[in-house]
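> Given chain A, put chain B in place with the hints provided.
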Amino acid sequence: MWAFIHKVGSPKWFYTISARLLPWCWTLAVTLILVGSIWGLAFAPADYQQGDSFRIIYVHVPAAFLAQSIFVSMAVAALIFMVWKIKVADMAAAVMAPLGAVMTFVALFTGSVWGMPTWGTWWIWDARLTSMLILLFLYLGVIALRGAFTSRDSGARAASVLAMVGVINIPVIKYSVDWWYTLHQPASFSITSRPSMPVEMWWPLLLMVLGFYAFFIAMTLMRTRSEVLRREAGKHWVRELAAGGA
Amino acid sequence: MAFDSLDAFFAMGGHGAYVWSAWAVTALAMVGSVAHARIERRGLLRDLERRARREAATPRKNPDAS
Numbered sequence: 000m001w002a003f004i005h006k007v008g009s010p011k012w013f014y015t016i017s018a019r020l021l022p023w024c025w026t027l028a029v030t031l032i033l034v035g036s037i038w039g040l041a042f043a044p045a046d047y048q049q050g051d052s053f054r055i056i057y058v059h060v061p062a063a064f065l066a067q068s069i070f071v072s073m074a075v076a077a078l079i080f081m082v083w084k085i086k087v088a089d090m091a092a093a094v095m096a097p098l099g100a101v102m103t104f105v106a107l108f109t110g111s112v113w114g115m116p117t118w119g120t121w122w123i124w125d126a127r128l129t130s131m132l133i134l135l136f137l138y139l140g141v142i143a144l145r146g147a148f149t150s151r152d153s154g155a156r157a158a159s160v161l162a163m164v165g166v167i168n169i170p171v172i173k174y175s176v177d178w179w180y181t182l183h184q185p186a187s188f189s190i191t192s193r194p195s196m197p198v199e200m201w202w203p204l205l206l207m208v209l210g211f212y213a214f215f216i217a218m219t220l221m222r223t224r225s226e227v228l229r230r231e232a233g234k235h236w237v238r239e240l241a242a243g244g245a
Numbered sequence: 000m001a002f003d004s005l006d007a008f009f010a011m012g013g014h015g016a017y018v019w020s021a022w023a024v025t026a027l028a029m030v031g032s033v034a035h036a037r038i039e040r041r042g043l044l045r046d047l048e049r050r051a052r053r054e055a056a057t058p059r060k061n062p063d064a065s
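Chains A and B, in that order, give the protein sequences.
Be aware that the first sequence starts at 0, since it is given in numbering that gives the first Met the number 0, and climbs by one per residue.
Be aware that the second sequence starts at 0, since it is given in numbering that gives the first Met the number 0, and climbs by one per residue.
A few of these clues could be false.
Quick list of simulated restraints, FRET-style, between CB atoms [to be verified]:
| id | chain 1 | residue 1 | chain 2 | residue 2 | range |
| --- | --- | --- | --- | --- | --- |
| 1 | B | Gly15 | A | Thr120 | 12 to 22 Å |
| 2 | B | Arg41 | A | Pro185 | 36 to 46 Å |
| 3 | B | Gly13 | A | Gly233 | 58 to 68 Å |
| 4 | A | Thr120 | B | Arg49 | 52 to 62 Å |
| 5 | B | Arg53 | A | Ser150 | 19 to 29 Å |
Since the hints were derived computationally from the structure, they do not count as laboratory data.
Cβ atoms here follow ideal geometry from the backbone N, Cα and C, with glycine treated the same way.
Next comes chain A alone, as it looks inside the complex (with noise of 0.2 Å):
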């Protein structure tokens, strides 16, 4: 189990399998967004109050999604490496910060422009709002909080730490909309229920989803590849790969 576990923890066994995934991965992300929005933007069914503003949900909440679901990868990560001292894991976790604030920015962003056509503002402290904003924050705290420290192995811990300590924030944003009944309506998608909107709008976004889904892990997969070169420059086998042609 132990040998296990460090042969898969292995920078070099990583390189080799994530080179097999990472084809497929692209593909299905491609192809699932690609159909998800075309379907979603000309053939889903306009919605009957708020009429064709409702396709920004097709990006809306696949981002917001993402942005929740890479803070956890990225927390459970820091956790593997913390007490397995698994540097894969730590390199995940790096890699996963930046694309998670990129995906909150987003979810912010589209919920803003999506709010002035339906709400009439464009921003609210509503508790479901603010708590993704604390969100961005604790992405931007792991960024900021890695790159302070001159050794990489302490950024690395502390790092680990707040995304341990921030995950706290997630069942927040999960319940914000059940607890303080603001203006953010209660979650409207969900892969395991069903769905409590027609069957045609619904087809696209579960789509939209997979496929952001799908992007997330061929990213991490793309950027731990480039981590695992960057920090293992000077190890034998990365040296022939490099004088093999990579």
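Frame of chain A, contents of chain B only:
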């Protein structure tokens, strides 16, 4: 098809500015992330190659030091 014409599609029932700006920012963020990751990878591979060439030209005394 939910729209009668291309104009209607772009107008989005009068909400065009909202819908298209939300979609544009999302697309830009995703394409930008991929572009950044590709540039990063290419740069790292170039550095590694350069390093490999340099090492091939001057054999190292201590091969374990990194």
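> Name the hints, by number, that the structure is in violation of.
Violated: none.
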